[in-house]
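K.L.:
Those protein sequence lines, which keep their order, are chains A and B.
All residue numbers for the first sequence refer to this note's numbering, where the first residue is 1 and numbers rise by one.
All residue numbers for the second sequence refer to this note's numbering, where the first residue is 1 and numbers rise by one.
I should point out that these hints are in silico values taken from the structure, not numbers from a laboratory.
Incorrect hints may have been included.
To be verified - With a straight-line cut-off of 20 Å between C-alpha atoms, the simulated PhoX-like cross-links for lysine-lysine are: (1) B:Lys291 to B:Lys266; (2) B:Lys165 to B:Lys184; (3) A:Lys134 to B:Lys37; (4) B:Lys286 to A:Lys134; (5) B:Lys266 to A:Lys167; (6) B:Lys267 to B:Lys184; (7) A:Lys266 to A:Lys15; (8) B:Lys303 to B:Lys232; (9) A:Lys110 to A:Lys59.
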Amino acid sequence: MINEKIISLKKMANKIRMDTFNSVIAASSGHLGGSLSIIEILTVLYFDVMDLNEMKNEKERDKLVLSKGHGVPALYATLANKGIIDKELLNTLRDINSPLQGHPDCRKTKGLDVSSGSLGQGLSTGLGIALAQKLSKLHYRTFVILGDGEINEGQVWEAAMFAAHYKVCNLIAILDVNKLQLDGATNKVISLGDISRKWKAFGWNTIAVDGHSIEDLCYKFNTIPNNGPTIIIADTIKGKGISFMENNVEYHGKIPNDHEVLIARKEIEEEGNMWSI
Amino acid sequence: MTVNEKYGASLLDLADRQNLIVIDADISRASKTYFFKEKYPDRFFNAGIAEQNMMSIASGIATMGYIPITHSLAKFITTRALDQIINGIAYPNLNVKMVGIYAGLSIGKDGATHQALEDIAVLNTIPNMTIVCPGSMEEVEELLKQSLDVNQPTYIRLCAGLTPKLANDYIKFGEANRLTTGTKVTVISTGVLTDFIYEVITENNLVDKVELIHIHTIKPIATDTIVTSALKTKNVLTIEDHNLIGGLGSIVTDALSKHYSEVQIKKIGINDVFGCSGSVEDLYHKYGLSKKHILEYITEAIKAI
């Protein structure tokens with residue numbers, strides 16, 4: 001059953017996808033593939049799941065750690081559509097003196113809870129924010145978006161052990177399983193094996209989700225247990241929404257040419273038209 | 001009382017500051033943070049043998065206005081978790097305290113893998129970072145307390161074997177401490193070596209000849225005090241339990257860069273080699289930091305002018 005909320009979220013995801021694409025094209029630099037795979041995740045988080053009520057003390061709002069910091073163009077576009085940063089800024093991505101750095105800088109961009117970019121640290125940082133919540137008794141949750149290539153980093157598993165040991169329930173990790181990293185397929189670079197079983201073995205609840213299905217994401221974010229740490233394992237497509245980029249490792253960091261840009265914009269527009277009737 | 005016991009007791013004394021969170025990486029029985037843990041278990045976390053996770057957790061806690069104080073050996077808290085310090089703590093300029101115990105050769109018999117001889121050099125190159133290296137038990141307590149109000153990341157480098165108190169007990173973060181005011185040579189040192197050098201000076205009646213400056217705050221360094229003394233004696237000798245490259249001697253040399261033509265500078269330290277196992281006394285002898293060596297360096301420096 002597709003209701004109004006779902007349709008409006010799909011429209012929003014489409015706007016964010018277009019804004020993300022355009023900002024990276026304006027910069028002629030940035031990671032499109034891994035930005036496009038988290039568009040629906042960010043849309044559902046910022047427009048449905050997270051409590052970002054501006055009336056609240058900043059410390060009491062829900063927090064997001066984009067551990068895969070290279071996906072930040074998608075986050076900037078989300079923050080712009082949420083009205084947290086000025087939409088005009090998107091055209092300045094990666095420019096000298098722009099607050100929109102190539103990787104997230106919480107001291108420069110409004111709405112960012114932490115700085116990130118060096119992979120493998122965000123789950124630990126999120127844990128720190130979650131521990132602070134317990135100590136302060138403020139009411140907020142902490143969300144951490146990890147990339148599947150990123151979990152090659154050993155620190156992720158240090159954090160996984162810690163979270164299970166301390167039964168941290170107010171932290172929700174989302175794993176963007178787009179199955180590609182810079183050098184190729186994740187399972188060709190360093191096999192991840194059965195990801196869900198690995199996290200379960202580390203003491204985490206795991207929830208599988210279609211990372212591009214607004215319906216599934218909205219539903220699964222409402223089924224998070226509170227008996228320990230939870231990871232939502234999102235099946236996604238790198239470069240999602242642009243046919244020639246989808247599942248194509250070349251577009252991890254490559255910028256499309258002028259002709260490809262026209263095709264890409266047309267495809268995103270057509271997708272958007274489906275939800276505008 | 002050992003240095004670590006003094007540290008653990010000092011930390012406990014600060015526990016009424018409710019925003020202090022103590023994190024240890026499985027060395028709480030050595031760092032004596034278990035004093036804090038036993039009384040305030042809700043504000044203590046053991047990260048296990050996982051320094052990187054510990055440092056990034058601290059960065060997250062700090063974003064919410066708490067002051068996390070992390071602990072490991074000086075060697076591991078600095079270089080093992082270096083990227084976490086640089087990108088996760090220093091770049092966003094978070095008020096995280098990092099306490100490294102058994103710095104330099106002072107760890108003794110554990111050998112090269114556990115001897116932090118590069119920690120000052122490495123951390124000094126990181127923007128927003130501050131570094132303190134107490135020279136006495138009293139400074140451990142006082143500099144820990146003062147560093148909490150330095151709203152920047154701070155590395156607290158603890159050597160074993162510190163004296164209870166230095167001859168001059170004026171302790172202010174960012175300022176140097178002058179122990180003797182002689183006129184022939186300025187000797188500059190930090191950490192455990194300061195009192196050691198002070199003993200050499202007093203035992204050999206060199207007080208009138210040596211101006212001994214103790215640097216407990218290595219970054220930001222007290223440039224004015226160093227320059228004033230150097231211009232007075234025209235003769236500077238730095239002595240440290242750290243690699244000569246990038247350590248206190250290099251930092252002092254940088255501070256004196258405008259005065260190279262006026263001042264003679266000599267640097268003593270570990271000459272770009274790894275340490276080894278042995279008692280601290282034997283190590284100081286082997287690496288040229290024994291009292292006998294120090295007396296020679298000072299005597300030569302005085303003669304040279």
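K.L.:
Hints first: check each against the structure and report whether it holds.
P.N.:
We went through each hint and held it up to the structure:
1. At most 20 Å may separate the alpha-carbon atoms for a hinted pair to count; lysine 291 of chain B and lysine 266 of chain B meet this at roughly 17 Å.
2. Of the supplied pair hints, the one linking lysine 165 of chain B and lysine 184 of chain B is violated, its CA atoms being roughly 26 Å apart against a limit of 20 Å.
3. Taken as a hint, the lysine 134 of chain A and lysine 37 of chain B pair is honoured in the structure, with Cα atoms around 17 Å apart against an allowance of 20 Å.
4. About 51 Å separates the Cα atoms of lysine 286 of chain B and lysine 134 of chain A, which puts this hinted pair outside 20 Å; it is violated.
5. For the hint pairing lysine 266 of chain B with lysine 167 of chain A, the CA-to-CA distance comes to about 55 Å; that exceeds 20 Å, so the pair is violated.
6. Between lysine 267 of chain B and lysine 184 of chain B the alpha-carbon distance is near 16 Å, which keeps this suggested pair within the 20 Å criterion.
7. Our distance criterion of 20 Å between C-alpha atoms is met by lysine 266 of chain A and lysine 15 of chain A, whose separation comes to about 13 Å.
8. At most 20 Å may separate the alpha-carbon atoms for a hinted pair to count; lysine 303 of chain B and lysine 232 of chain B meet this at roughly 16 Å.
9. About 14 Å separates the Cα atoms of lysine 110 of chain A and lysine 59 of chain A, which keeps this hinted pair within 20 Å; it holds.
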